[in-house]
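With chain A's structure known, arrange chain B on it following the hints.
Protein chains: 2
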Amino acid sequence: MDRQNETKELIASSFKYLVCNKPIDKISITDIMNQANFRRQTFYDHFDDKYDLVTWIFLYEITELTRSSFHWENWEQMLFLLLNYLEKNKKYYKKLFLNVKLDSFKDYFTYTIKQGVQHLADEYFEQNNQINEQVEMTEVTINFYAYGLSQLLHEWVLGGCLPPSDAYHKLLTQVIHNSSHF
Amino acid sequence: MDRQNETKELIASSFKYLVCNKPIDKISITDIMNQANFRRQTFYDHFDDKYDLVTWIFLYEITELTRSSFHWENWEQMLFLLLNYLEKNKKYYKKLFLNVKLDSFKDYFTYTIKQGVQHLADEYFEQNNQINEQVEMTEVTINFYAYGLSQLLHEWVLGGCLPPSDAYHKLLTQVIHNSSHF
Numbered sequence: 002m003d004r005q006n007e008t009k010e011l012i013a014s015s016f017k018y019l020v021c022n023k024p025i026d027k028i029s030i031t032d033i034m035n036q037a038n039f040r041r042q043t044f045y046d047h048f049d050d051k052y053d054l055v056t057w058i059f060l061y062e063i064t065e066l067t068r069s070s071f072h073w074e075n076w077e078q079m080l081f082l083l084l085n086y087l088e089k090n091k092k093y094y095k096k097l098f099l100n101v102k103l104d105s106f107k108d109y110f111t112y113t114i115k116q117g118v119q120h121l122a123d124e125y126f127e128q129n130n131q132i133n134e135q136v137e138m139t140e141v142t143i144n145f146y147a148y149g150l151s152q153l154l155h156e157w158v159l160g161g162c163l164p165p166s167d168a169y170h171k172l173l174t175q176v177i178h179n180s181s182h183f
Numbered sequence: 002m003d004r005q006n007e008t009k010e011l012i013a014s015s016f017k018y019l020v021c022n023k024p025i026d027k028i029s030i031t032d033i034m035n036q037a038n039f040r041r042q043t044f045y046d047h048f049d050d051k052y053d054l055v056t057w058i059f060l061y062e063i064t065e066l067t068r069s070s071f072h073w074e075n076w077e078q079m080l081f082l083l084l085n086y087l088e089k090n091k092k093y094y095k096k097l098f099l100n101v102k103l104d105s106f107k108d109y110f111t112y113t114i115k116q117g118v119q120h121l122a123d124e125y126f127e128q129n130n131q132i133n134e135q136v137e138m139t140e141v142t143i144n145f146y147a148y149g150l151s152q153l154l155h156e157w158v159l160g161g162c163l164p165p166s167d168a169y170h171k172l173l174t175q176v177i178h179n180s181s182h183f
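If you read the protein sequences in the order shown, they are chains A and B. Numbering-wise (the working numbering), the first sequence opens with residue 2 and increments by one. Numbering-wise (the working numbering), the second sequence opens with residue 2 and increments by one.
Treat the hints with care, as some may be off.
Claimed, not checked - Computed list of lysine-lysine pairs in PhoX-like fashion (alpha-carbon distance at most 20 Å, straight line): (1) B:Lys107 - A:Lys107; (2) B:Lys23 - B:Lys96; (3) B:Lys23 - A:Lys102.
Unchecked claim - A few chain A positions that, by computed beta-carbon distances, are all more than 10 Å from chain B: (4) Lys9; (5) Leu82; (6) Lys89; (7) Lys95; (8) Tyr109; (9) Thr111; (10) Leu121; (11) Thr142.
Unchecked claim - A short list of chain A residues far from chain B (calculated; beta carbon distances all over 12 Å): (12) Leu11; (13) Ser15; (14) Asp46; (15) Asp53; (16) Thr113; (17) His120; (18) Tyr146; (19) Tyr148; (20) Pro164.
Calculated from the structure, these hints are not laboratory results. For glycine and all other residues, C-beta sits at the position ideal for the given N, C-alpha and C.
Next up, chain A with everything else stripped away, as it sits in the complex (with noise of 0.2 Å):
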């Protein structure tokens, strides 16, 4: 882990910590850095507000998390760890997506998911030497799963993850291989 991202993690954890134990928009800059032991102009060294942290923190954990099994055979794999590290975090998530003035941050979670989707779709055709003759009808289907999932996540984040995550798993793998003709 580089020095930069240290200093990025510390912050984070800083934040997350302090999102479970008081209102979000009760927590100041200072308050996050003084939790960290930093200056607050550290602070803008590394994110330009509370919203930069907020998404930096979701990519760079799923992305940690995902590094090794990002590949299209391993999805329900990466589902599962998605769902556990949610899990894990669900009175920070739940707070996130309650929160007004990061309402946006919705948006940026289905944008992640949605990535990543296109992300196995490509390596799909790729590794099945295929070509991706029907681009539409794949970016709408792609689409399709995204969205239908990144809402299905954000609800169940919301409802304060329940069923756990195992046997939520265990629903939307069956729910996905139901509908999958890849």
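Just chain B now, with coordinates in the frame of chain A:
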């Protein structure tokens, strides 16, 4: 058509006309009622506020449109009617989706589509004399489809309804056929 709905329809049509011709936030209740040739108070005899009006318009108009075909086996035709309706009203719905104050209309849009899909699924199980034994699984499946579909429609409207409704209908039904095991 009863008298009450007649008045509501006139108010709705004035509002839709105004939305296509000036920014939504500049449209007052007085403007709407002047356009409809009614007293301002009459608005409040029928609607609570603008949000109440826009949700009524959407539900009323698509219900009228799909009333005679609202059956499981006609889902393709119903989807076509919905796409066609959104296309005909694309300027109105694009402005609605982009208006920050009416932000939660998107949730209402999704909710309405989910109710429709739920209704069709219930009818399917009833018609086939099947007892739905996998309640949880069915619920997740319905949500998955409804969320995927409504987010796609939302984007389609924001993109100016391109490709046109007939081409997009072909694409969407293909995606749903490929993914449907009902």
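Hint-by-hint comparison with the structure:
1. B:Lys107 - A:Lys107: 13 Å, holds
2. B:Lys23 - B:Lys96: Distance of about 10 Å is within 20 Å: holds.
3. B:Lys23 - A:Lys102: Roughly 28 Å separates the two Cα atoms, so the pair is violated.
4. Lys9: 31 Å, holds
5. Leu82: Holds, since 19 Å exceeds 10 Å.
6. Lys89: The assertion about A:Lys89 holds, with a minimum of 21 Å to chain B.
7. Lys95: 17 Å, holds
8. Tyr109: Holds, because the least Cβ-Cβ distance between A:Tyr109 and chain B comes to about 15 Å, which exceeds 10 Å.
9. Thr111: The claim breaks: A:Thr111 does not keep its Cβ more than 10 Å from every Cβ of chain B (closest is about 8 Å).
10. Leu121: At about 16 Å from chain B, A:Leu121 clears the 10 Å cut-off, so the statement holds.
11. Thr142: 5 Å, violated
12. Leu11: 35 Å, holds
13. Ser15: 31 Å, holds
14. Asp46: Given that every Cβ of chain B is farther than 12 Å from that of A:Asp46, nearest at about 32 Å, it holds.
15. Asp53: 21 Å, holds
16. Thr113: With a cut-off of 12 Å, A:Thr113 remains clear of chain B, as the shortest Cβ separation is near 15 Å.
17. His120: 19 Å, holds
18. Tyr146: 7 Å, violated
19. Tyr148: Contrary to the label, A:Tyr148 does not stay out of reach of chain B, its closest Cβ about 4 Å off (not over 12 Å).
20. Pro164: 8 Å, violated
Going down the numbered hints, you'll see the structure goes against 3, 9, 11, 18, 19 and 20, while the others check out.
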